[in-house]
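Peer 1: Chains A and B are the protein sequences, given in the same order.
All the letters of the first sequence, read from the start, carry residue numbers 1 to 270 under my numbering.
All the letters of the second sequence, read from the start, carry residue numbers 271 to 534 under my numbering.
It is worth saying that the hints were derived from the structure and are not from the lab.
These numbers were taken from a predicted model, which means no experiment stands behind them.
Heads up, none of these hints are tricks.
Simulated restraints on C-beta separations:
no.	chain 1	residue 1	chain 2	residue 2	range
1	B	300	A	4	36 to 44 Å
2	A	84	B	472	45 to 53 Å
3	A	244	B	308	51 to 59 Å
4	A	85	B	273	52 to 60 Å
5	B	498	A	161	29 to 37 Å
6	A	20	B	495	20 to 28 Å
We put the CB at the ideal spot given by N, CA and C, even for glycine.
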Amino acid sequence: MSDDDFLVNIENLRFDYGDRPVLRGIDMRIPRGRVVAIMGGSGCGKTTLLRLISGQLRPTAGTVRVAGEAISEMSHARLYAFRRRMGMLFQFGALFTDLSVFDNVAFPLREHTDLPEDMIRDLTLMKLQAVGLRGARDLMPSTLSGGMARRVALARAIALDPALIMYDEPFTGLDPISLGVIGQLIRQLNDALGATSIMVTHDVQESLRMVDYIYFISEGRVVAEGRPEDVRDSADPFVHQFVAAKADGPVSYHFPAPDMAAEFLGAAHV
Amino acid sequence: MSRVLDMLRFLGGQVIDRVWRLGRASCFFLAVLMKSGAALLRFSLLFREIWFAGVLSLLIILVSGLFVGLVLGLQGYEILQRYGSAQALGTMVALSLLRELGPVVAALLFASRAGSAITAEIGLMKATEQLKAMDMMAVDPVARVVAPRFWGGVISMPILAMLFSTMGILGGWLIGVVFLGVDDGAFWSSMRASVDFRHDVWNGVFKSVIFGVAVSLIAVFEGYYSEPTAEGVSRAITRTVVTSALVILALDFVLTSFMFKGMS
Numbered sequence: 001m002s003d004d005d006f007l008v009n010i011e012n013l014r015f016d017y018g019d020r021p022v023l024r025g026i027d028m029r030i031p032r033g034r035v036v037a038i039m040g041g042s043g044c045g046k047t048t049l050l051r052l053i054s055g056q057l058r059p060t061a062g063t064v065r066v067a068g069e070a071i072s073e074m075s076h077a078r079l080y081a082f083r084r085r086m087g088m089l090f091q092f093g094a095l096f097t098d099l100s101v102f103d104n105v106a107f108p109l110r111e112h113t114d115l116p117e118d119m120i121r122d123l124t125l126m127k128l129q130a131v132g133l134r135g136a137r138d139l140m141p142s143t144l145s146g147g148m149a150r151r152v153a154l155a156r157a158i159a160l161d162p163a164l165i166m167y168d169e170p171f172t173g174l175d176p177i178s179l180g181v182i183g184q185l186i187r188q189l190n191d192a193l194g195a196t197s198i199m200v201t202h203d204v205q206e207s208l209r210m211v212d213y214i215y216f217i218s219e220g221r222v223v224a225e226g227r228p229e230d231v232r233d234s235a236d237p238f239v240h241q242f243v244a245a246k247a248d249g250p251v252s253y254h255f256p257a258p259d260m261a262a263e264f265l266g267a268a269h270v
Numbered sequence: 271m272s273r274v275l276d277m278l279r280f281l282g283g284q285v286i287d288r289v290w291r292l293g294r295a296s297c298f299f300l301a302v303l304m305k306s307g308a309a310l311l312r313f314s315l316l317f318r319e320i321w322f323a324g325v326l327s328l329l330i331i332l333v334s335g336l337f338v339g340l341v342l343g344l345q346g347y348e349i350l351q352r353y354g355s356a357q358a359l360g361t362m363v364a365l366s367l368l369r370e371l372g373p374v375v376a377a378l379l380f381a382s383r384a385g386s387a388i389t390a391e392i393g394l395m396k397a398t399e400q401l402k403a404m405d406m407m408a409v410d411p412v413a414r415v416v417a418p419r420f421w422g423g424v425i426s427m428p429i430l431a432m433l434f435s436t437m438g439i440l441g442g443w444l445i446g447v448v449f450l451g452v453d454d455g456a457f458w459s460s461m462r463a464s465v466d467f468r469h470d471v472w473n474g475v476f477k478s479v480i481f482g483v484a485v486s487l488i489a490v491f492e493g494y495y496s497e498p499t500a501e502g503v504s505r506a507i508t509r510t511v512v513t514s515a516l517v518i519l520a521l522d523f524v525l526t527s528f529m530f531k532g533m534s
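So here's chain A without its partners, still in its complex pose (with noise of 0.2 Å):
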């Protein structure tokens, strides 16, 4: 494949918070089309990876290339412009509580385009079908479940036709028939629009069923990466340990602490 087949290029991506390095040098290709799962455990820097390939933070060193062009690079109009053609689903869905669920969805088309408020009433009664919620079009985002309120706020991402939609945890949190039911959603919307999805989460049953293809992080480096089939296979420690979902492994179980002997038997000896 050329270049030109990858959406998201990022090179030797580095990110540190404040002396804290998070991401120690990331080497990633998004291929265009495809749902693209990126796993770890809680804490890896997967969220801060995101962020880095949306433009919401700047690398250490490093770069991203969404489409060719540098994200750290653009101006604030040009990262806007490009942000126009991307699509973000946040963890808890960040719905605008003032606004009804239909109000919500048709807030970027609102924003973004002159359409004629009867156009812009279809459009968003298509996206909110797509998600299933075209009945709830007059509730609060108050009253919705946790997996209604992510549907709505995946119908809201898809506004605008991304071409690039990124996903933050989209399965915590939910029941496992809501659960299913966004995953479905991920895949068939990736398909039906033709966009590139790349989706952080840690849940992997739910990843292995539906992706294209996983990278997996720890310490800031990616240590594995492959195809649903071949993670199921794979005789790498960290993956086993991963998808077994193993306590101890070269993930350790217990947080860098002293000494045991030393702790609990240090007074005795004094």
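Please arrange chain B on chain A, whose structure you already have, making use of the hints.
Peer 2: Chain B alone, transformed into the frame defined by chain A:
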């Protein structure tokens, strides 16, 4: 020795922190002004904020204004009567309200009613990632969320202050004329003779515009830069009310010393 050093370090840190916040607030003020185009042109956005900041503050402003006027009437009558000049009650009530109490008390009430609400709303929008989501949709939160709230406050404040003074004067009249028997004609004519439109009315309105800018800026700034947690938002709301009160009173002293210097 090290204790003294620690104390000095703490003091220095506090001073630097304050100066730094002031600088950041100034930059933020400029950014809000520069991104105000949409807020001022899209009337639906502005009207919503004038409704929340202004119209919803009406009740507390009107009722407080009435009570302040009632008290002014009582106290003023009691003092003026000692000198046999109770008919000057109209002058006293009107001048104290138009010059000082109207703009200052209305601004203090506005800060605790509308300023705190603005900080809370923006702070919670930040804590629930709504501002970030907006930014990701290529909609600038400063232009879309902050600027309309800022201008809604700036526009509402002088109107509220004028209504406060009006209610206060009515309250003074009610006590003085209706209950204590000051002559109705003397009450109004002494007021008309001594209140100067430019010096008293206009200066009062000007003060309340300045207070409106200050309180609205503090409210949106504290909300926008609040720590995105429940505790952080509550601290930001407290800071809005406390800082606003201090800034209003300090600015009032500065403005008064410029406006009424050498008048008498």
